[in-house]
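Model the full assembly from the supplied sequences, consistent with the hints where possible.
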Amino acid sequence: MTLTRQQPGTLILGIGNPLLGDDGLGVRAVEILAGCDLPPQVSVMEAGTPGWGLATWLEGWSRAIIIDAVHMGGAPGTWRRFGPQEVRLIAQDEIISLHEPGLVNGLELAQSLDILPEEILIYGVEPGQSEPGQELSPAVTLALPELVDAILSDLWNGRTKHG
Amino acid sequence: MNKRIDVHHVTRVEGHGNIVVEIEDGRIKECRLDVVETPRFFEAMLRGRPYQEASHITSRICGICATGHATASLRASEKALSVEPSEQTQLLRKLTFHGEILDSHVLHAYMLVAPDFLGVGSVIPLATSHPEVVLRALRMKKLAGDICAVVTGRHTHPIAMCVGGFTHFPKPAELENLHQRLVAARADVDETVALFATLHWPQFERDTEYVSLTKPDEYAFIDGEIITSDGARLPAEAYRQVTNEHLVTHSSAKHTRHLRQSYMVGALARFNNNYPQLHPRAKEAAATLGLKPKVTNPYLNSAAQVVEIVHCVEDAIAIIDRLLERGITSEQPAPVKAIPGEGVGVCEVPRGLLIHHYWIGEDGNMTGADCVIPTNQNLANLEADMLALTPLIAEKPIKTMQLDLEMLVRAYDPCISCSVHVLEVEPK
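Just so you know, the sequences run in chain order A and B.
The numbering of the first sequence is this note's numbering, which starts it at 746 and goes up by one.
The numbering of the second sequence is this note's numbering, which starts it at 259 and goes up by one.
Mixed in with the good hints there might be a few duds.
Distance condition first, Cα-Cα at most 25 angstroms in a straight line; then the derived SDA-like pairs of lysine to any residue [stated by the list, open to error]: (1) B/Lys429 / A/Met790; (2) B/Lys429 / A/Val787; (3) B/Lys429 / A/Gly805; (4) B/Lys473 / B/Arg498; (5) B/Lys654 / B/Thr456.
Covered by chain A, according to a simulated footprint, are these stretches of chain B (three or more residues, beta-carbon under 8 angstroms) [as the list claims (entries may be wrong)]: (6) 391-399; (7) 413-423.
What follows is a set of in silico ranges between Cβ atoms, one per label pair, in the way DEER data are often shown [claimed, not checked]: (8) B/Ser340 / A/Gly878: 28 to 38 angstroms; (9) B/Glu583 / A/Gly780: 30 to 40 angstroms; (10) B/Glu434 / A/Ala779: 21 to 31 angstroms; (11) B/Ser344 / A/Ala779: 45 to 55 angstroms; (12) A/Cys781 / B/Gly622: 30 to 40 angstroms; (13) B/Arg285 / A/Glu776: 49 to 59 angstroms; (14) A/Gly780 / B/Lys550: 21 to 31 angstroms; (15) B/Gln499 / A/Gln874: 50 to 60 angstroms.
I should point out that these hints are in silico values taken from the structure, not numbers from a laboratory.
It should be emphasised that the depicted structure is a prediction, and the values quoted were computed from it without experimental measurement.
Even for Gly, the Cβ is constructed at its ideal location relative to N, Cα and C.
Laid out in structure tokens, this is it:
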């Protein structure tokens with residue numbers, strides 16, 4: 746029933762629009778990651794604002810790591826790592842992600858079709874400002890290297906289960 | 259009879275718009291589509307930037323028509339700087355353009371329109387009730403995205419396209435693989451035509467002026483003259499004579515008009531104006547879907563998109579054949595021959611005519627830009643349709659009326675986020 750065969754490997758997806766300030770932080774993060782030393786079988790992809798297309802990019806991978814701007818009520822630049830289950834809980838309050846159809850809808854569609862990767866890990870960063878403009882806010886600019894280090898460290902140490 | 263419909267916001271369209279219809283004592287008091295998005299100021303963002311960045315910046319105007327914006331942008335810069343792209347560049351651009359049209363039309367027809375006809379609220383329950391339909395859509399969407407990735411280096415926002423050509427070239431094996439997958443996709447395309455031929459489209463006719471690009475020897479997507487079904491024919495540079503953009507109070511997006519109070523752009527306008535240039539298989543699909551120009555039911559815009567899905571798959575196969583036959587050369591971009599300059603780039607993106615008009619200074623920095631987006635051009639026509647439709651459905655239960663109006667809005671495939679970019683503060 747699936748589109749292609751599941752392949753072992755991790756796909757890191759950066760989501761957002763780099764013309765809308767911090768909305769594009771996921772894209773900026775994967776740009777940094779693309780230049781880093783990554784473990785074998787790890788690919789990075791700049792997904793932009795994929796909407797329903799997210800399901801097609803997730804399909805076929807055993808693990809997906811998603812980086813996106815997420816409103817969590819924290820200070821700009823704070824980030825946390827969580828699993829898709831938590832996203833759906835938060836999504837009911839309509840406070841996640843800035844895109845439409847958003848991350849949650851894409852994940853939901855992939856789940857309905859049974860093409861979700863076995864493991865999904867989301868690194869959400871609290872945006873400071875998401876107004877038109879190509880600059881990230883100072884708080885998010887400071888947070889990105891730390892976030893990238895944490896993702897790399899989790900990848901190399903095999904620590905991938907969220908929590 | 260008093261009725262009020264206030265859909266806040268319309269779902270399954272890109273961006274935010276509200277339908278407001280009010281009937282008082284049997285008379286229509288209000289009938290409008292409010293565009294309530296924040297303006298986005300892309301043109302201001304371009305000023306002062308090197309022209310080489312313009313296509314990358316504008317490709318982010320839209321997560322769906324990224325290749326369309328990038329292509330219109332490149333054509334505007336190329337016209338401004340007297341750059342003449344090679345045949346190979348033109349073929350590669352056409353190929354990736356087909357990928358994007360395919361991607362967008364599959365998304366719209368299957369994910370946004372089909373749920374209305376199959377009696378479900380969105381694509382999520384559709385995935386449970388008709389998983390084969392959604393998986394087919396995703397298969398086609400993935401192929402479309404892969405065409406863009408092979409040609410332009412990225413699925414959505416093209417990296418490899420630049421003024422004068424490309425910075426990266428597909429390998430023959432990659433093109434052969436796409437060719438194979440496109441040929442195999444004919445089965446999915448046939449299923450798509452068969453599925454949409456079974457749908458009962460709402461009956462509603464309202465003739466309007468249909469506006470699109472046209473070319474003598476191909477179904478125009480990139481470049482060409484502007485043609486209208488009312489008989490006008492103009493060079494792209496004269497676009498302002500067609501668009502006549504003006505402000506209306508209830509919308510943060512500008513409206514347009516030409517020979518009538520409004521006009522329509524998009525798949526249906528292209529179908530009506532350029533039917534003879536469609537691929538024979540696309541013409542067969544049109545016959546199966548019951549379409550024959552001139553079609554004046556706006557709901558059938560989605561059916562015209564299905565016809566274009568067939569055309570793009572067939573033409574993509576033909577383009578790949580041509581590219582493989584002539585061989586791919588790692589050529590340098592065509593050179594800039596004049597600077598400063600002014601140029602107009604035009605494309606038919608999934609939702610219709612897209613215009614980028616650029617002014618480039620002597621130092622290579624942009625001094626001005628004007629972008630006219632298809633959804634803007636359709637808004638006045640969509641409202642005119644709403645106004646004509648409402649009396650015909652006024653006796654229906656309010657929920658049915660609301661669905662009829664929502665389906666009409668969705669048929670136009672509006673990309674409201676993109677259209678909202680041109681708000682101007684008028685001096686008091």
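For this structure, which hints from the list above don't hold up? 11, 14, 15
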